Structures are given as C-alpha cells and as structure tokens.
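Work out the full structure, taking the sequences as your base and the hints as a guide.
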Amino acid sequence: MQEFANQLCENRQFGFKMTDSKYFTTTKKGEIFELKAELNSDKKEKKKEAVKKVIASMTVGKDVSALFPDVVNCMQTDNLELKKLVYLYLMNYAKSQPDMAIMAVNTFVKDCEDPNPLIRALAVRTMGCIRVDKITEYLCEPLRKCLKDEDPYVRKTAAVCVAKLHDINAQLVEDQGFLDTLKDLISDSNPMVVANAVAALSEIAESHPNSNLLDLNPQTINKLLTALNECTEWGQIFILDCLANYTPRDDRESQSICERVTPRLSHANSAVVLSAVKVLMKFMEMLPKDLDYYGTLLKKLAPPLVTLLSAEPELQYVALRNINLIVQRRPEILKHEMKVFFVKYNDPIYVKLEKLDIMIRLASQANIAQVLAELKEYATEVDVDFVRKAVRAIGRCAIKVEQSAERCVSTLLDLIQTKVNYVVQEAIVVIKDIFRKYPNKYESVIGTLCENLDSLDEPEARAAMIWIVGEYAERIDNADELLESFLEGFHDESTQVQLQLLTAIVKLFLKKPTETQELVQQVLSLATQDSDNPDLRDRGYIYWRLLSTDPVAAKEVVLAEKPLISEETDLIEPTLLEELICHIGTLASVYHKPPSAFVEGSRGVQHKRLAGSAGSGESVESPDAGSAAGASEAPPAVIPSQGDLLGDLLNLDLTPPTTAGPPPPPSSGMQMGAMDLLGGGLDSLLGGDLGGSPAMGAGFAAPPAAMPASFSAPVSSGLDDLFDLGGGVGMPMGAYSPPKTVWLPAMKAKGLEISGTFARRAGVIQMEMTLTNKAMSVMTDFAIQFNRNSFGLAPAGPLQVLSPLSPNQSIEVTLPLNTVGPVMKMDPLNNLQVAVKNNIDVFYFSCQYPISMLFVEDGKMERQVFLATWKDIPNDNESQFQIKDCHLSSDASSSKLQGSNIFTIAKRTVEGQDMLYQSMKLTNGIWLLAELRVQTGNPNYTSATVSVPDGLCLAFQTDHLGASLLPSLQSDHGFICNSLCFLPFKLLSLSVTQLSCLKIQFHICSLYSSHSLT
Amino acid sequence: MIHSLFLINHSGDIFLEKHWKSVISRSVCDYFFETEVPPLFVIEFLHRVADTFQDYFGECSEVVIKDNVVTVYELLEEMLDNGFPLATESNVLKEMIKPPTILRSVVNTLTGGSNVGDMLPVGQLSTIPWRRAGVKYTNNEAYFDVIEEIDAILDKSGTTVFAEIQGVIEACVRLTGMPDLTLSFMNPRLLDDVSFHPCVRFKRWESERVLSFIPPDGNFTLMTYHVSSQNLVAIPVYVKQSISFFETGTCGRLDITIAPKQTMGKTVEGLVVTVHMPKTVLSVNLTATQGNCTYDLTTKVLVWDIGKLNPQKLPNLRGSLSMQAGAPKPEENPTLNIDLKIQQLAISGLKVSRLDMYGEKYKPFKGVKYVTKAGKFQVRT
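Top to bottom, those sequences are chains A and B. Heads up: the first sequence is residues 1 to 1014, going by the UniProt record's numbering. Heads up: the second sequence is residues 1 to 381, going by the UniProt record's numbering.
Just to be clear, a hint being listed does not mean it is correct.
Said to hold, decoys possible - In silico DSBU-like cross-links for lysine-lysine, where the CA-CA straight-line distance does not exceed 30 Å:
#, chain 1, residue 1, chain 2, residue 2
1, B, Lys-156, A, Lys-376
2, B, Lys-376, A, Lys-300
3, A, Lys-339, B, Lys-266
4, A, Lys-299, B, Lys-376
5, A, Lys-44, B, Lys-94
6, B, Lys-351, B, Lys-363
7, A, Lys-376, B, Lys-261
8, A, Lys-339, B, Lys-373
9, A, Lys-555, A, Lys-437
10, A, Lys-344, B, Lys-329
11, A, Lys-299, B, Lys-351
12, B, Lys-376, A, Lys-376
Hints in this document: simulated from the structure, not taken from any laboratory. Since we're looking at a predicted model, the values are computed, not measured.
Following this line, the structure appears as structure tokens:
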C-alpha cells in the first residue's frame, strides 16, 4: 500500500493528471479559447473535463463568464454529474448574462417534471439560485408543483426555494400565495420539511418584522415540538430559534415546552445546545420561582454549559460570552461551578480574559478564598494583559465581597512588593477604588503606595495615585512635595492626569492652606492660562472662582463626602441584558451589543424583550402571577428588584466607573454646587454687579497676584455667620449649634438615614438626631454606641426610640452625652465614631462635633488668677487671629460669647480699642485664655489672642513637642471650617501622655494675620 | 444563515469560494460576520465541512482541496442550500457523491463514468439519516472505546485545585442490515452530564439509563460525558517539584520527581513532562534517572519523555538552569504539563456491562476497550 502511495506521488509529479489541480495550472492567454473548443467537442468526456476546468477557474475567482453560451449548451444531458456542474456554473454567472440565462429555462422546467425526485429537487433548487428577474416568472409554476410534490425531499427543497425567491422578488411570492403554502408545510408529516419551512419562514419574517408570518399558536408549537425530536441537528436549530420567539400563554404551557426542549441539552452539536439554552432561559421567566420544576430546570442548565467549555477554544469563547450573560441574569445556575472557569496556562488569551470576568461575577463569600488564591496565581503569569486583568479582578473581589476586602488588600500589597511595574500600577488603580468603597479603613497602606510613586508611568495609575494623595493629603506628610513633583511636567501629562492633579492640589490647599498657596496658584495658572484643553481650563476656572468667592462652600463642594462605588460597575444594563438573553447563541450575544448595533442596514432587526419583562422579576414572584391574570396585569411590585435599582443608579449617573477615566465629580451635591457656580460665574462674566465679593473681582482681574487677598475670605465669612447669628438680638443665647447634617446616608445603611448635630443645653452636651426610615420595612430595636474619642464622650443613657419606625417615617431623638467615657486621640481631634444598631444591621458612621460644645459653665476664671496666668504664658503659646466684617460691638460680642461659655473676665479701652479678656474651660479641665480687641467703628479690626497657661506648655515641652508632633500639627488644619466652631483659633496639636491626660494648645488660625496689631 | 464560504490557506489567501445566495465580494473576509447569525452554528458547520473533507480525501489541506476541487464544489453544494445545511451526514453524502478512490478515478478516466450517484439517498429523508440501507458485511463487529481524559490543575503543594474527566465513547460498528443496539453500564449514575450522537434515544436514557440506538455505519462518536464531581476524579500521579531561580547570579535549579498515586493497580505509561521555561533560561544541565530530556532553545520548551512509570524506582530529573546574564529574575513560575496514559482503565470507574442487538439475526463480534489519558493536566510551581 505504501508503495502504491509512493507511486501515486510520482504520478503526480510526472504530470499524470489524475487530480483536479491541473485545472489550476492553465493560466495561458488562449485558455478561454481552448476551453471553448473543448466545450463544443463531440466527445462527452472531453466536454465534462472542459466544464470541470471552467468550474475550477470559477472557484478561484477567475472570470469565465465569456463561456456562458458554450457551457449552457452542455446542460441537456442525462449525465447527472455534468448537469450538476453546469448548474453550478449557471448559478454563478446567470446574473451577468440574463438574456442567455433564459435559454436554460426550458431545461429547468423539464427537469422539474423528471421522474427522479433527485433531479426535480436539483432543478428547483438551482432555479432559485439564479437571481434573474426574468427567470423568476418561469419559476413560479414548477415551484408551486414542487411545494406539493409527493416526495418530501422535493417539498423540503421547494420550501427553501420560496425563501430564495422572496429575497429576489418579495411581491411575487406574496402575489403567488407561496407564503400560505409555506405556512401549511409547518404541518407537514415529514420533520425535515417542517424544519425547512420554519427556516424559510423565519428568514422571510426577518425582512418583514411585522408580517406576523410565524403566527405561532399552541397547535403549531406542538407540531414544531414533535418535529424537533425527529429532524436533523440543523433542523433542530431552526425550530428552537423559532420557538424562542413564541410567548407562552401561561406558566403551564411554558413548563410543558421547557420539558420537551430539555433533552436537546444533551445534543452533541453545541449550536443545538445553545439554542435550547436560549429557549429555556426565555421561558423560565414565566415560571413561578417556587415551582419545583423551576429548581429542576436550573439544575439541568448547568451541565451543558460546563460541557461547552471542554470544546475547541473558538466554541469555548462563544460559550463563555453567553455564560457571561446568563450569569448576570441568573447567577444561581452556575454558582457551584466556579472551578470550571479556572484558567489553564495554555488557554488562549481571549478565553482566559473571559473566564476571569465570569469568575468575578460568580465570586461570593462562599468561594472567595479559592478565587483569591487563583487570582494571586494568575498575577504571576507571563501574559501581561492577563496579569493586569487578574490584578484588577482582585480589586473587584474586594469591592464585591466585603468580608474579603482585607485579604484582597493584603494580596495587593504583596503584589506591589514584587515591584513588577505593570502589576504595581494596576494594583494602585484598584486600591483607589477600594478606598472609595471602604473609606477610613485601609488608609494605612498609603505609605507603601507612595513608595512606588516613581515607577508609575501609565496615566491611569498616575491619576489614581494623585487622587489618593489629594484625598488623603492630611495623612501624607509630604503631600505637597509629592504633588509638586508631578506639577513639573504638567504639560506632558495626559488630560486624565492633569485634571486629577488640579483637583488633588485644590483638595490639598483646602486641607492645608498655609503651606500650599503657591502650589495652588501654580496649578490654577497652568490649568487656566497655559492649557489648550477646554475641560481642564473650565475645571480650573471653577475651582478658582469657588475658592475666591466662598472658600467655605469650596470646601463643602470639593471635600464633600463621595458616594460609595457600587459593587458591580460593569454589569450590562438590565434592558440590554434582557434583549441579549433573547439573542443567546447569536452574534449579539458574543458582541454583547444589540443586533441593531452591527447588522448592516438593520434589516429585520427587532428589539426582543423577555416575556413580561415589565417588572418581570417581581411579578413572577408575586403569588398571584400564576393565575390567569397573567404577568402583565400583576400589580406593580413594592420592592424594586436589584436590576431596577441599578437602573435608577445608572440613570442618575452616580456610579463612577472603576476603570478608566478620572473620577467624576464626587457627588450630586458637588454637581449642584458646580451648577450654581456656573450660574454665578456667568453673571460675573457678563459684568454683573459682584456685590459684596470684591475679592472675586480682583481674583479675575489679575488672578495669581490677587489670590492671597481673596483667601482671607474663608475665616472671616465663617466668623461672620457666627457673629451675625444673634446680631439682631444681641442677647445671650444658648451655645452655637451647627445645623443638622446627614451623617449616615440611607444608601449606606439599608434605608436608615441619620442626620444630626450637637448642642450644649443647660450644661448638658446633647446629640440631636433625626432618624428617617427610607427602607420598605419597619425598623425597631435601636441602640447606639461610641468609639473611644478625644474627650471621652459617651452616651449618658440609651437611645430613646420607643415606637417602631415605619417606612418613610422620621423621628427626632436627643441623646444626652457625658464625658466620662474612655479616651483616645482621634484624627481630627473632634472626630466621633458612632455605631447604630437596629433590627436590620449595625451601621457605622463618623461625625465631628464643634469644640465649643465642650466649654463648661464654670469656665470663668478668677480675675487675679487670670492676670497672673496671662502674664506667665510665654509668647510662644500665644496665637493671634483677626476677624473681619464683624459688626458687633464689644458688649454684644461679650454677651454672645457667654452663651457659649466663653466668659469675659475684664474689659478695658485703649486708644479707641475695646479689649476683652476671656476665659474658657474644657470638659477635661484645661483652661484657655483669650484677648479680644474690638476697634469701635471699624468692623474689620477685631482680633483675638488666645493663650494657654504655662503649666500646660511645660507639659508640652516635656513631651515630644518637636518633630514627632509635626504631622498632627499639619493634619489638624481645617478643623474650624469642618466643625463650624465659632472660635477664631484652631487646635494645633494634642497628644496623649500617661493615661488620659490631655494637653491642648490653641493657636490662632493665622492665615493672613496682621502683625501690626500685636 | 450562511451566505458564502471562502477557504483560506495558511498565508491568508482565499483559494476557493462558493456562494449560496448573491455573490459576496471576497473582501468580506476582512470582517467575517456582517449579519446576525448564530456563530456556533457556523463554527459547527465548518467543523463538519472539514470533517467531511478529511473523510473524503484523507486530509484537509490546500493541496488536497485543489486536487479535488470539483468534488469539493459538489460536496459544498450538497451540504448547504440557501445558507441552510442540507446534508452533513457522511453516509448520505457518500451515496450522492462517491469519494474519490484511486481505482475509481482510474476507471472513470477510462470509461467516462461518473462519481455522482444518480439516485436519491435513502438516508436523506428517513428518520435515521445517519444510516444507509443495505449495509452488508461478512464479519459483523461492534467495538467501543471508552476514552477518558483527566483535566486537572494541581497547585505547588500537590493539592488539586480543579479536576474533571472528559469522557468519550468512540464506536466502530460494522454490522449488516439495520441493527438496533442497547449498551448498558454497570454504574450509569456516574453520568449526569452527557451529550449524545443523534442516534441515541434520549427517552430511554432518561428512564432506564441505557443507550439504545441504531448505529451509523462505521466510525462515530456515540457519546461524550463529563465527570466533574471532585471526589470522583482520581489523580493518577503525584508530582514533587521545585523550580527556583536565584535573585543573583545566572542560574536556577530544577528538581522533579514523579510517583504513582491513584492508579487502581494499573501501570502508567507514556509519561511526558513538558515545561515552558521563561525566556531568560538559556540552557539546561539536567540529569534524568529515566527517559530522555530535551530542551528546545528557540521555543524554550523542556520535554522530559519518561515512558513507563516504575513504582519501585521513581523517575527524577534534576540539575541546573543557566540564565541570561543581567536579566532580572523571571516573574512567572513555569507550569508543568503532564501527559500520560493508562490502558484498560476508565479512571472514573465507568464500566460497560453488556451490549445487546435486536432486529438482526446474526451474532456480532463485540468488544470494549478502556483507556485513560491526561488531558490538560497541569502542575503549578
């Protein structure tokens, strides 16, 4: 045998032409001429050889249309092979030679009457492929006969021919009534005829979306299901795809169809399997979830999907893309199959990436340990794209499964330690998202991140790092240096990085104004004057105006609390997902786009929706869905499904992307602020009256130079508010109490919203809260607890919520506090961490109390003691501050301050200035002394000097007042604005020495203090 | 559905095109899909086309297709009509278009005969399109091969991260007439995830857990199955390995030992370990106690062909790896790929209990063979 094969090879080599490859060699000029002669030869064999040569030329794309008449002449033959070859030729060239093609018609019509069904079928099949109008007229009669032929082979071929004819001349098909005949064939006794009729009707229906051609009713469905069991695999695909368009009348019909379709899940042909999955996924929507069969069906769907994954990579990819959709719609199907998505090192990259995506979607508390171990393994693979995605996946796990966050963060830190450049960069990008999800939890890793600053060369990583530095500027010693280093190459950075740098420096400035003025001026000037990028310029101007108009507002806007990022940011939008589920197994399911997005001319693209998709999830769950009322009539559900919530969120555009792009404006509050700003900005640009903000005008006239002047605004205006508060009345009031702010948004606390404030009433510190139930269920069993804090604040009694809090109800609660709780220094000093419990869960939030609340009633020092102490306080312990725009007289100030337990000990008048000497005492026994100068008639000159007694200062010196305190000195800045404390000074530092002895030094917030006054 | 088929060779040139609807310019090959179509349907069909060419011509290559271009064209015409698959069963096609045999092409050349059948194939319309009528053999035989492949991922410590068995029953049935076969298993409960050849009667499987079918003639895949329940998947070998690269210097060490684990008393054969080394590994200096070890310098693939595993004398491979000077220590850990074979064992424990034949009177010769192989069997380091 081997010998024979060798011989054969030799034969080939020596040109013994036994194979068709010889047809490819004739490329000479006279080729057509030679062929013409051969085609007209008398010898049958020569003719056939010649036609073969012609076909071979045709298949490689050569133009042999010139031989048309000669080839057609060979058609009248009893040799089936020759006939087939001529037919092949005709199909290709009839279009270019329509007149000649007519010559063939007679033979076709004759062949359609041939006793041999094979020839009848061949003729009708070929005629349908000749796309010439003139021929179609002659086709009608033979086709009509063939559609009713006694032989099913002819009938099924004719059924397909109707679709072909419709494609050429739709009107003709309708006029001739072929569509009705085709519909009748759905009831044919032969399953293959049924399948082909369905395929033809589906194709025709695609170009006539509203034609109602496939008017499916329970009877036809039953016929299709019967044929489904008996036809070929391809026929099964046609029938299943057709079934998927049917909407069952009720859940019982739905179940019975599902029962008859499930055996297809065991078919060897993967296309059959996926089409069956589509039908089941669709009809499942109709089934009540408490039905036993629903669970059975879920179980049956998993194995075939898993099996698809053992096929060739290209089939695997299609399967994975579809599984990705299925997992988003019904995660329960594959929740136990996590392991089949584990990546093998030699999987193609497109399979690896898709598996990874599905792993994250399936990740839950139950399997997170396994998933993380795998991801860590992947992060050391060779393929860079894959490694990057694996690192990102770790971040997504942290965000998705809260319990795993800590482990994920430590895994990421391990990966950062590898110092592999792209791993570090990806890790930093995801850690930024983790910070957004769990604020105040993992900031201890910032140090490690900063170490890797120099290795970041990708915009996204740089932007993420800058965001982190800006957001946590108060905790990073050298935040200004770090940001400054980025500023050097500002114009070489990508827009993403520039925008982020601008925001970060503004944040830094708002947190540490003293040291960073120059920096902020620099970046504002770079962004507004030296940049061509409109986005950057606009953002620069907005910040600039914000800072110069109302720095307090700027702070509220820029440093506003950011909404938490949602768990799954890359979910497909629910309506699109529903549509894609209806297209399982098609290209749409691979692209994850609706067909209209890529099908040319959108011919026949219909938007498909899941059955009863209007609130489907809920209506199915509601108990009366099973009744004849039907899904669409079910009452609107009370609890929105997860999908709806997500939809709402998406509509609000609140979910920030975790991946690319600079973080969007932090919150809706911010957006509103920005809007107001723009309004105001436009006014001023139009030359409108700038009112009481000359600084702003100045700021715009000569921006950089004017900045310092404008920046005196924050403190003074803040103080204004305080002094104005009781200005009209001028009588002693209670201590200043800031308005209530939202401490715990409902979003973060499963519907419980807490807003509140602090007040000191009749010597008792009170926490005043409004609890609002924004959830759908009643809340009971409230309790509250504080974490250790700087001044030992603790609840003096239980939280008094006596009646259950029903939905949409609010309740005002006042919680008396004492200061005998455990002490721990907080950052910032007045930070208070609170835990609130109810029947649903325990929630945590932190808030800040005004320091004035801690001034006790017996804070009035003896005159003599005051005098002695005041003299003894060294100058170092003094701080000064200037209050602008204060229209209060010294007496009015005095009485107003007394309301907050700031007592005037003495008053004297020197050179038209009233000097008030005041004392106050904190709950922990620390005294503070102050001097307030009021220049009568000049509202701009009220200044205060605050001193701390010497003893305290000594304690500081014995302590580590030096370098070790520096960080806290810096980070405490901004305290006043946050707490709206009326005191014109800021807490400089605080440290805890031996147990709970607190030492505090006050310092005047001397942004631009006037030295001339001291 | 499918409009056109272009056959493209390795260099990306189209060497054959066929259209079932209007002619589509060959430039579409730059885009592949332009209308909505189920991709699995297309891919499955293409696999079927390739299988058919393989079946007809012994191989599926550009040369062979050019050699048989007219037959190819005729075949494609029979396989697809208006984009709808028409006949893809090999036995139906073979009745309509005779496969070229050397003898037939010689005879045809001499007599002017045709290799196109002029009768309608019986199978085309029957409810069993996979079998043709009038099959006759002098020796009636039915052989079944139960082949199981273990896909597994083991981690550094040898713990199984993931394991499953991909099983397939390949059949070679040469029986006269219309035999109706029933294949039953000792332990069918193992099989909860199965795909069948269309000939298998699904109802009977559902109710009785037996495979009842009228077989196609010749070779075919009767069923494929999938055993994923972790505790049912035995891992036949244990791999003790350590591959390390040193931070400084230009070398690394490799030490691999393989030992039998759950082999059910059978011998492990055809054992091969393949390692894709990091790019910076220039050469290896390894000693194997058994078998050959080769390292391909260009592909960086280390192949250790061990052969039979002797439990008394465990094969070991150890030595040093020399690295490119100055290159940083490789980040990735190479994964070991294990290949092996165990004869006369289906690792899942699946056993055929009996094969019965109905509908024909003769006594066929029956045989079942089991073999277990490693599929994607990977050990991480």
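Against the structure, the hints come out as follows:
1. B:Lys-156 x A:Lys-376: Holds: Lys-156 (chain B) and Lys-376 (chain A) sit about 13 Å apart, inside 30 Å.
2. B:Lys-376 x A:Lys-300: The given pair, whose Cα atoms are some 26 Å apart, holds under the 30 Å limit.
3. A:Lys-339 x B:Lys-266: holds, 28 Å
4. A:Lys-299 x B:Lys-376: holds, 26 Å
5. A:Lys-44 x B:Lys-94: holds, 24 Å
6. B:Lys-351 x B:Lys-363: The hint holds at about 22 Å.
7. A:Lys-376 x B:Lys-261: At roughly 28 Å apart (the allowed maximum being 30 Å), Lys-261 (chain B) and Lys-376 (chain A) satisfy the hint.
8. A:Lys-339 x B:Lys-373: holds, 21 Å
9. A:Lys-555 x A:Lys-437: Holds, at roughly 22 Å.
10. A:Lys-344 x B:Lys-329: holds, 23 Å
11. A:Lys-299 x B:Lys-351: holds, 26 Å
12. B:Lys-376 x A:Lys-376: holds, 21 Å
Against the hints set out earlier in the document, no violation occurs for any number.
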